[in-house]
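Visitor: The chain contents come next:
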Amino acid sequence: MAMTRREFIKFTGLGLTASSLGLLGFGAAGVAQAAAVRPFKLTHATETRNTCTYCSVACGILIYSMGDRAKNAVSNIIHIEGDPDHPVNRGTLCPKGSALLDIVHAPTRLKAPRYREPGSAEFKEVSWDFALDRIARLIKDDRDKHFQTTNANGTTVNRWTSVGMLAASASSSETAFLTWKVARSLGMVVFDNQARV
Amino acid sequence: MTNTWQDIRNANVVIVMGGNAAEAHPCGFKWVIEAKIENGAKLIVVDPRFTRTASVADYYAPIRPGTDIAFLSGVMHYLLENDKIQHEYVRSYTNAGLIVREGYEFQDGLFSGYDEKRHGYDRSTWDYEYDEKGFAKSDDTWQNPRCVINLLKQHVSRYTPEMVSRICGTPQDKFLQICELFAGTAAPDKALTSLFALGWTQHTVGAQNIRAMAMVQLLLGNIGVAGGGMNALRGHSNIQGLTDVGLLSNQMPGYMNLPRDVETSFDEYMKTKLFKPLRDGQTSYWQNYRKFFVSFQKSIFGNAATAENNWAYDWLPKLDIPLYDIIKAFEMMNDGQMTGYICQGFNPLQAFPDRGKIRRGLSKLKFLVTMDPLDTETSRFWQDFGPQNPAKPSEIQTEVFQLPTTCFAEENGSLVNSARWLQWHWKAAEAPGIAKSDIWIMTGLFQRLRELYRKEGGAFPDPILNMVWNYTDPREPNPEELAKEMNGRALVDLTDATTGAVTKAGTLLDSFAQLRDDGTTASGCWIFTGSFTEKGNMMARRDATDPREQGIAPNWAWAWPANRRILYNRASADLNGKAWNPKKPVIEWNGTRWVGLDVPDYGPTVKPEDGVGPFIMNAEGMARLFARDMMAEGPFPEHYEPMESPADNVLHPTVSHNPVARVFDGDRNNFGKREDFPYVATTYRLTEHFHFWTKHALINAILQPEEFVEIGEVLAKEKGIAQGGWVKVSSKRGEVICKAYVTKRIKPLTVDGKPTHVIGVPLHWGFTGQARKGYGANTLTPSVGDANTQTPEFKAFLVNVEKTSAPVTA
Chain A
1 MAMTRREFIK FTGLGLTASS LGLLGFGAAG VAQAAAVRPF KLTHATETRN TCTYCSVACG
61 ILIYSMGDRA KNAVSNIIHI EGDPDHPVNR GTLCPKGSAL LDIVHAPTRL KAPRYREPGS
121 AEFKEVSWDF ALDRIARLIK DDRDKHFQTT NANGTTVNRW TSVGMLAASA SSSETAFLTW
181 KVARSLGMVV FDNQARV
Chain B
1 MTNTWQDIRN ANVVIVMGGN AAEAHPCGFK WVIEAKIENG AKLIVVDPRF TRTASVADYY
61 APIRPGTDIA FLSGVMHYLL ENDKIQHEYV RSYTNAGLIV REGYEFQDGL FSGYDEKRHG
121 YDRSTWDYEY DEKGFAKSDD TWQNPRCVIN LLKQHVSRYT PEMVSRICGT PQDKFLQICE
181 LFAGTAAPDK ALTSLFALGW TQHTVGAQNI RAMAMVQLLL GNIGVAGGGM NALRGHSNIQ
241 GLTDVGLLSN QMPGYMNLPR DVETSFDEYM KTKLFKPLRD GQTSYWQNYR KFFVSFQKSI
301 FGNAATAENN WAYDWLPKLD IPLYDIIKAF EMMNDGQMTG YICQGFNPLQ AFPDRGKIRR
361 GLSKLKFLVT MDPLDTETSR FWQDFGPQNP AKPSEIQTEV FQLPTTCFAE ENGSLVNSAR
421 WLQWHWKAAE APGIAKSDIW IMTGLFQRLR ELYRKEGGAF PDPILNMVWN YTDPREPNPE
481 ELAKEMNGRA LVDLTDATTG AVTKAGTLLD SFAQLRDDGT TASGCWIFTG SFTEKGNMMA
541 RRDATDPREQ GIAPNWAWAW PANRRILYNR ASADLNGKAW NPKKPVIEWN GTRWVGLDVP
601 DYGPTVKPED GVGPFIMNAE GMARLFARDM MAEGPFPEHY EPMESPADNV LHPTVSHNPV
661 ARVFDGDRNN FGKREDFPYV ATTYRLTEHF HFWTKHALIN AILQPEEFVE IGEVLAKEKG
721 IAQGGWVKVS SKRGEVICKA YVTKRIKPLT VDGKPTHVIG VPLHWGFTGQ ARKGYGANTL
781 TPSVGDANTQ TPEFKAFLVN VEKTSAPVTA
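Top to bottom, those sequences are chains A and B.
Reminder that position 12 of the first sequence reads as 12 in our numbering, one-by-one numbering, no gaps.
Reminder that position 220 of the second sequence reads as 220 in our numbering, one-by-one numbering, no gaps.
Keep in mind the hints are simulated off the structure, nothing from the lab.
Heads up, some of the hints might be wrong.
Computed list of lysine-lysine pairs in BS3-like fashion (alpha-carbon distance at most 27 Å, straight line) [said to hold, decoys possible]:
id : chain 1 : residue 1 : chain 2 : residue 2
1  : B       : Lys455    : A       : Lys145
2  : B       : Lys773    : B       : Lys364
3  : B       : Lys364    : B       : Lys137
4  : B       : Lys717    : A       : Lys124
5  : B       : Lys747    : B       : Lys717
6  : B       : Lys744    : B       : Lys803
7  : A       : Lys124    : B       : Lys364
8  : B       : Lys535    : B       : Lys484
9  : A       : Lys111    : B       : Lys773
10 : B       : Lys744    : A       : Lys140
11 : A       : Lys145    : B       : Lys366
Facing chain B, according to a computed beta carbon distance under 10 Å, are these residues of chain A, among others [as the list claims (entries may be wrong)]:
id : residue
12 : Asp68
13 : Lys71
14 : Asn76
15 : Arg137
16 : Asn153
Which stretches of chain A does chain B cover? Using the computed rule of at least three CB atoms under 8 Å from a CB of chain B, they are [what the hints assert, rightly or not]:
id : stretch
17 : 28 to 39
18 : 124 to 135
19 : 169 to 180
20 : 189 to 196
For glycine and all other residues, C-beta sits at the position ideal for the given N, C-alpha and C.
Based on the sequences and whatever the hints tell you, model everything.
Guide: Here's what the structure looks like:
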């Protein structure tokens, strides 16, 4: 019988919950024992293929979440393991990758934008509109003030050096491309990433 | 990586030097073990510490941090002296026989053309002799004393085993054993693979460290073959992708260069990018640069980029200096030249050298924006965390925005792994709270700015107003749309000149060979063309079939360029197109075309007898043992001491350090002297942690909860330091108070007759997350960079260490 890994998990999980052990000749004790065993949690989970966020071995991972992606269901990630089909890691993960669940649910994950006023000793929560409106204003004011259209020789240079950006090495290439477009449209040249560290 | 992770299994010898794959890349390192078990491979490890990689090595040799070029030049000397090179490969596939022009010379540590005032070189003499047609002259008999191979022999002749041992502290017998193992792979059917990481890059001579090994690999004929190559084990999940997409000060997507001030027009810009072949009949593939560039401009500026406005060339910013990298950015911040800084998933307060300087720089900004899934140190630089972050908030006027983002598990998209594979991943859950994707945030900023420029006008709004933004959801573009944009499309019906096949307007392109320079094609990143075609998302492919189990798996995801898995694979075959190693051919000539497991890195129907070199991206068609004017320090690698060093440069004491290293004047006074800071320190990662992220994860914080340094038993005894005792480690920049791990893994080295101690400094701790508070290794490290890449010198600097008592608050 050809079965994908996921079907196999479902099959065995269902087998346990349906007390098929009894049918297989384990008798009443077996049935009672099987009934006491919790159904394999991943049976109900949604499996998503992803890639470990740490080093560039780029191990394949399987993320299991509760919730079936229905419109009103909220997914909650409950388990992450190595993808046995992946040609490089073949199901294995290192001490960092094995603990990915803890980084997804780290208590220091940020949940809302925060703002610190000049001289203040604390952050306060703000709305996205407040944060983005204010940043856009700060960027535009500085760009309008310091943008260089030409250099001393009169050559067109169209650069802006007084605001810079560091881009994220764990973001996707698609994010990177969009970020490039935004940064360069502004004429930004103080622009870098983590390639060196 | 030139090769793939699984291809490591094909190696006969594996050298891990400048990295610690068993601990930093454990699941990739399994292929080294596979090579040992299944292929009888020998593993060599050269490292200052006896790492876990070393613990499974067949041969381990210690080395003083920062002396890799001396070691590898010694290897080259050995190979040339003992005639252990792959002659046919070196003769035909490298520039060994090309003749270097008069005027080029090397004396007392300096190459010709040095200008002391600007700490730089006039590189014009670092070139070949040319004939009247502009082709490089050569002497295939290698009789001419100015042949590259003869100049190389002369250059490395100083690196005798005695000299290597004197500089590196590596015992001579161990060095020679390793040379012999290397030499065995000069046989055409044997391969050595080099695995390296930041242990090589984070030096003032980082790029030259890697070049030295690449030269060794060329002499041995190990580039392009199965089980060979130069394999950079990249550290972050998509740092390869960010480099490919050109998120660097001087880069554009696909390794094109951002214009410079001197390139006053598009024509001027193109003049330096014509890549005329330097030998008769060579491919010199970068001749297609104009097609990639025009297609890129069409991609980002659409109809607004026209032949009349030179494809909107002037809308790209131009650089007045070579680049504005991070070290430069913090120099400018400290000088009060910067107003704002945006840190997207990047924590410079932890990651960049001389932490005090980073904190002072951030304090001078008007505003700082951080975008991160985690509560980073950088976003809280202004807050007082005691000695680990002694800030006075009332004195810091910086406005700080801490923007919460999604993490890997909460988004779709592709990441490029070390082997250049673009692998798609899928979203598994929503982000916590009201955290948003980086795409949504960057778009939100862009749309607001565009609106402000529409309403108010302002400085040069053209590129902002004309940037192509025709996404289905303009507020949060779909990653698939962005991927297609990078892949590229036909803008009109295109007819192939040879086959007559028509590609309809709007069709996604299959290959960068379809790109044109007349504005009829668009592609946001030419090296990614073919990754998302009319057949679908090639990056999402999951067929792991691996013919002959040779580590290619051509239908798993997609590799740039053109789904090629082994770069320079034409060099895996001899001049007649037969594999050097008949047991593991990559591509071979079948009489009419190149066929095999991989996509040829070569014209698919170019006959072997046409004499086209295998290194088609180089204008010579050959690999370069002599780098011409491409490197800042010189065409051959030379040993220079780290900026902070325990020893004089015994080869040329008057030019001890890299004469063109990236140093700002203010930082020059911030280097320590060996009298005050007598010990060599080197930073590294632990296997339980990833940079400054995993201290936020409970399991990892439990596994390695607190900051420590690693000190050898001899030094510990000398200084009265007990196992687990408290120490103060200090450099010219700052001090760290932490526990000492007294170890057998680092032994004193004898360098130029003197005992030299090395201290290991793991880099993971800060003041946010679940682990205990730490000072961070960058409190100690010097602000100085490689001359080519500006990579900071984290792997060799000077410190002092003293026993101290436990801090009261610990």
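Visitor: For every hint, state whether the structure bears it out.
Guide: Verification of the supplied hints:
1. Between Lys455 (chain B) and Lys145 (chain A) the alpha-carbon distance is near 17 Å, which keeps this suggested pair within the 27 Å criterion.
2. In summary, the hint linking Lys773 (chain B) to Lys364 (chain B) is supported, as the alpha carbons are separated by about 25 Å, within the 27 Å threshold.
3. For a cut-off of 27 Å, the pair hint linking Lys364 (chain B) to Lys137 (chain B) is broken: about 55 Å separates their Cα positions.
4. Between Lys717 (chain B) and Lys124 (chain A) the alpha-carbon distance is near 50 Å, which puts this suggested pair outside the 27 Å criterion.
5. Restraint check for Lys747 (chain B) and Lys717 (chain B): satisfied, since their Cα atoms lie roughly 12 Å apart, inside the 27 Å limit.
6. For the hint pairing Lys744 (chain B) with Lys803 (chain B), the CA-to-CA distance comes to about 19 Å; that is within 27 Å, so the pair holds.
7. A hinted pair counts as satisfied when its Cα atoms are at most 27 Å apart, and Lys124 (chain A) with Lys364 (chain B) qualifies at roughly 21 Å.
8. Under the criterion of a C-alpha separation no larger than 27 Å, the hint pairing Lys535 (chain B) with Lys484 (chain B) is consistent with the structure, at around 12 Å.
9. Note on Lys111 (chain A) and Lys773 (chain B): the hinted pairing holds, with a Cα-Cα distance of about 23 Å set against a maximum of 27 Å.
10. With a C-alpha separation of about 57 Å, the suggested pairing of Lys744 (chain B) with Lys140 (chain A) is violated against the 27 Å cut-off.
11. Of the supplied pair hints, the one linking Lys145 (chain A) and Lys366 (chain B) holds, its CA atoms being roughly 14 Å apart against a limit of 27 Å.
12. Checking Asp68 (chain A) against chain B by beta carbon gives a least distance of about 12 Å; that is not within 10 Å, so the hint is violated.
13. Proximity of Lys71 (chain A) to chain B is violated relative to the hint, the smallest CB-CB distance being about 12 Å (cut-off 10 Å).
14. For Asn76 (chain A), the suggested interface contact is upheld, since its CB lies about 6 Å from the closest CB of chain B, less than 10 Å.
15. A cut of 10 Å between beta carbons decides the hint on Arg137 (chain A): the least distance to chain B is about 8 Å, and the hint holds.
16. Interface restraint check: Asn153 (chain A) against chain B, minimum CB-CB distance 8 Å, threshold 10 Å, status holds.
17. Interface restraint, the stretch 28 to 39 of chain A with chain B: violated (0 residues with C-beta to C-beta distance below 8 Å; minimum three).
18. Check on the stretch 124 to 135 of chain A: 6 of its residues sit with their Cβ under 8 Å from a Cβ of chain B, so the three-residue criterion for coverage holds.
19. Here the stretch 169 to 180 of chain A counts 12 residues with a CB under 8 Å from a CB of chain B, which clears the bar of 3, and the coverage holds.
20. With 8 residues having a beta carbon nearer than 8 Å to a beta carbon of chain B, the stretch 189 to 196 of chain A meets the requirement of three or more and the stated coverage holds.
Taken one by one, the earlier hints fail for this structure at numbers 3, 4, 10, 12, 13 and 17, listed in ascending order.
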